[in-house]
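Since chain W is already given, all that's left is putting chains Y, S, D, F and L on it; use the hints.
Protein sequence lines correspond, in order, to chains W, Y, S, D, F and L.
The opening position of the first sequence corresponds to residue 1 in this note's numbering, with each subsequent residue numbered one higher.
The opening position of the second sequence corresponds to residue 1 in this note's numbering, with each subsequent residue numbered one higher.
The opening position of the third sequence corresponds to residue 1 in this note's numbering, with each subsequent residue numbered one higher.
The opening position of the fourth sequence corresponds to residue 1 in this note's numbering, with each subsequent residue numbered one higher.
The opening position of the fifth sequence corresponds to residue 1 in this note's numbering, with each subsequent residue numbered one higher.
The opening position of the sixth sequence corresponds to residue 1 in this note's numbering, with each subsequent residue numbered one higher.
Since the hints were made in silico from the structure, they are not lab data.
Calculated pairs, DSS-like style, for lysine-lysine (alpha carbon to alpha carbon, straight line, at most 30 Å): (1) K97/S x K114/D; (2) K114/Y x K97/W; (3) K114/S x K97/D; (4) K114/W x K97/Y; (5) K97/F x K114/L; (6) K114/F x K97/L.
Protein chains: 6
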Amino acid sequence: MSDNSSRSARYFEELEVGESAAFENARTITGADIANFAGVSGDFHPIHMSSEFAREETQFDGRIAHGQLISDVTESIAADENRHAFSYGHDETRFVKPVYPGDTLSPRRELVEKEVYDEDYGRVVYEYETTNQDGEVVFVDRHTMLVKRRP
Amino acid sequence: MSDNSSRSARYFEELEVGESAAFENARTITGADIANFAGVSGDFHPIHMSSEFAREETQFDGRIAHGQLISDVTESIAADENRHAFSYGHDETRFVKPVYPGDTLSPRRELVEKEVYDEDYGRVVYEYETTNQDGEVVFVDRHTMLVKRRP
Amino acid sequence: MSDNSSRSARYFEELEVGESAAFENARTITGADIANFAGVSGDFHPIHMSSEFAREETQFDGRIAHGQLISDVTESIAADENRHAFSYGHDETRFVKPVYPGDTLSPRRELVEKEVYDEDYGRVVYEYETTNQDGEVVFVDRHTMLVKRRP
Amino acid sequence: MSDNSSRSARYFEELEVGESAAFENARTITGADIANFAGVSGDFHPIHMSSEFAREETQFDGRIAHGQLISDVTESIAADENRHAFSYGHDETRFVKPVYPGDTLSPRRELVEKEVYDEDYGRVVYEYETTNQDGEVVFVDRHTMLVKRRP
Amino acid sequence: MSDNSSRSARYFEELEVGESAAFENARTITGADIANFAGVSGDFHPIHMSSEFAREETQFDGRIAHGQLISDVTESIAADENRHAFSYGHDETRFVKPVYPGDTLSPRRELVEKEVYDEDYGRVVYEYETTNQDGEVVFVDRHTMLVKRRP
Amino acid sequence: MSDNSSRSARYFEELEVGESAAFENARTITGADIANFAGVSGDFHPIHMSSEFAREETQFDGRIAHGQLISDVTESIAADENRHAFSYGHDETRFVKPVYPGDTLSPRRELVEKEVYDEDYGRVVYEYETTNQDGEVVFVDRHTMLVKRRP
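If we strip away everything but chain W, and leave its shape as in the complex, we get (with noise of 0.2 Å):
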C-alpha cells in the first residue's frame, strides 16, 4: 500500500475554493542561488552578480536576487507538486521587496478560483504569497493551473 497516491495526485474534483497551505522558513536564498539562477536563465545583470555595482549605483543595500527566481522557488515550494496538473499562466506577479542573500523564505498559498476547462480539465487559481524572516511580503502572484478531470 501506498501513501503516494493520495498525496500527489489529487483530481480536480478534490480540490476546493479556500483550502490553503503555509510553507514556514521553507528555504533561505543563498549566493549559489543566485549564481545558478543566472546559469541557468543567462541573465547576468549587475543588480545581481556585482556587490560593487549594486551597492554604488542602486537604491539597495547589496546585490539582490533575481525577481524571478523568487518565482521559482515559491512556486516550487508553494504548488502542490500534483501529479494530475500542469502550468498554464501566471498573473500579477509583483516583486514587492527585494530579497538579500541571506532571507528565508516563507510561501503560502490558497486555492481562490476553480472551474471546468473542458472535458478534461478543469482551472483553478492559486493566489502565492511570499513572507520574509521579518513576515515582510516580498512576493504575490496568482498561478493558473489545469487540473485533470476524475475520469
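Positioned in the frame of chain W, the structure of chains Y, S, D, F and L alone reads:
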C-alpha cells in the same frame, strides 16, 4: 572610450513606445536546462523529470520544459540588460504551447507602455512573445520594469 | 489552515512499521544528472564521464550513472521530507544493476524497524528498493533516520 | 611515455590489505556545495536549505550539509580513481557529526578486505574515515568495489 | 524593426583598430562561482577548494579563484557577443594577481590588430585587461577571433 | 602510511623536462557541459547555445563547445593536481578544430621547460595537446606553472 555606456545603460527618457527587438534562434532548450532549472527551483514534477511519466500519464509527447524556465530564458534574452532598470512584475504570463528538449526559442520584445512612476523612476511595460523553430508562439508575457529617470 | 503540518512533519509516534510508499516513474536519469553529480562530488571516473572508455574498457554498454547518484535520488524521493527527521546512516547499500542515461527510476520505501533512541528521538529504518523502467531492481538500501518524539 | 597507467589503473593483484592514504584538508564544504547537492538529488529538506528552520527547530547550530554529500565527496577523494574498478556497494555508513558550511574535510582510506569475486573480478573493501578541521570524525563508511583481475 | 542586428552582429569591415569598451563592476566572483567552475572543469585543486589548505600551505590569504575562471568570465563580458565571430585562440594569458571570493571584476577590451584571414573571414585581436575593486590589474590576455567578412 | 604525498605533491626539483603523461578517452564533452560552462562564464553565444543558429548561420555542423571549456577540461585532466604548484599563465592557446557534443577528449602533457623563478619557486611549462575520438588534434596550449622549491 567605451561603447558600453551607450548600449546597456539607457535612462527612462531614452526609451520609446513602439521600439522593438527580435532575437532569432537565440537558444535551444535542452535536457540540461531542465535539470538545472529543477535544481535551482526545486521543482522536480515528473512532467518535467520523467520521460515515462510524461509519455504515459499526460497528453504531451514526452517530458516538457518548466513554463518558468521559458519565462526566465525569454526575459534574460529579451530584456535589454539595462543597468538603469530593474524588474517590477509580470502580467498575463501564458505558457501557450509546450516546449520540448531540442526546441529553439526566438524571443521578441516591444515596448508598449511608458509613464512616470515617481521622482526617480519611470515605469515601462514590455510585451514578450517567444516562438519555437516552427514559428509557433509558445510563450507570451507583459513585463513591467522601473527605469531611472535622467538625473 | 494548512495541509502542510499534517503531511511533512510527523513525530516518531505517528510512524508505523509496515507503512510503505511507491513512487512510480518518478525520475529519468540523464546525462545532465551525471555531469552535475560529477560536479558536486568531484568524481570524474571515465566509467561515468567517457562514452569511449565505458564502451571499450568495461563490461557495460556505455557510460553508467554513479551509484551514489542513484542513492541520492532514491533517498530524495523515497524519504518523506519529514521536518522532524534527520539522517543517521545507511546499511547494505547495493548497486544491483547499472543505470544508464535515459533510464527511469521508481523508488519504494517500507518502514521496517522502529525503536526509541533516547529521550528526544526515536530511530526508524526504511528499506528502499528502486526499479528501472523494465521492472528490474537496480538499487537497494537500508536508511536509518532519527525522528523527534512528540513533546 | 606516460605516468598515467602506473597511477590510476591498478589490477586486483596490485592492491594489498593494509595499504592506506590520507588526504589532509582536501575540501571545504560550502553553501554552494549544499545548493548544488540539493539540485542534483532533489533533497531540499529545510535542515539543509533554511537557516531559520535549522536554528529554531533542530538541535543544530544552523543548517547542515546533507549526509550523502559528505559521503559523495569522501568517496570522490578517498577512492583511488582506478580505471579497473567500479563501485559495488556501501555498508555501515554513518554520519557521526554534523558538517556545517565552512568545515574542511580530511578523508582517509584503508584497504581492509580483499578476495577473489569471480573469474574476471576481485572484491576489495575500503574503510573511509573523514575528519573535520578540529580533528573530529564526522563520517565513516565501508566501500566495496569490484576490481579487474590481471588478464 | 529590431535593434538586435545593429548591436551584436558586426562584420569584420565594421570593426576598427583602437575601438574599446570598459565594463565597470561587472561581476563579483563568489564561492559559488568557484564551486561551479570546479564542477565543470573537474579541477578540485585544494588551493581553490580548501580554506585550510590555502591558508596554511600557500602564500595566499585563503582560497583563490581558478585562473581560468577569471579568463572565462572576462571573455564572456569583454567579448562582444558578435554573432559573426568565433574564437580562434589566446596568447599571453597571465594571472597577474590572485582573485579572492568577494572580489569584483571590471574587464576592458581594446581591438589592437585586424587583418584579412581568408576569403570568408578576417582575424582580429582583442587585448583584455581586468581589474579588481581596488583598481589592481588581476588578468591580461590577447584574444584572437575570426569574424565573417561582409558577403 | 599514505600514498598521497608521493603522488600529488611534487617539488620543482622532482620535475623533469621531457616527462609526459597521456589520458586516453578521459572525458566525453556533452550538452550538459556546454550548458554548465555557459552558466559559469556567462557566455551564451548562439554558436554554443542554439542548434538552429549553428546549423544555419555558421560553417559548423551544429553547435560547438566553447573553446575555453576544452581548455578548462584539458588543464583539469592534464595538469597534475600537484599541491605544490599553481597556475601562472597560458600561451599559444589554439582551438584547432571544433568539439561537438558527444566528442571524447584524450589530453596529453609534456614538460618542456624548467627554470628557477625566485628563491621559493621554479617555473615550468607544460605543452598540452588534446585529440578527439578520431585522433584529430582539437586543442593545443602552453601552460606555465610556478612550483615550490624544496625547502
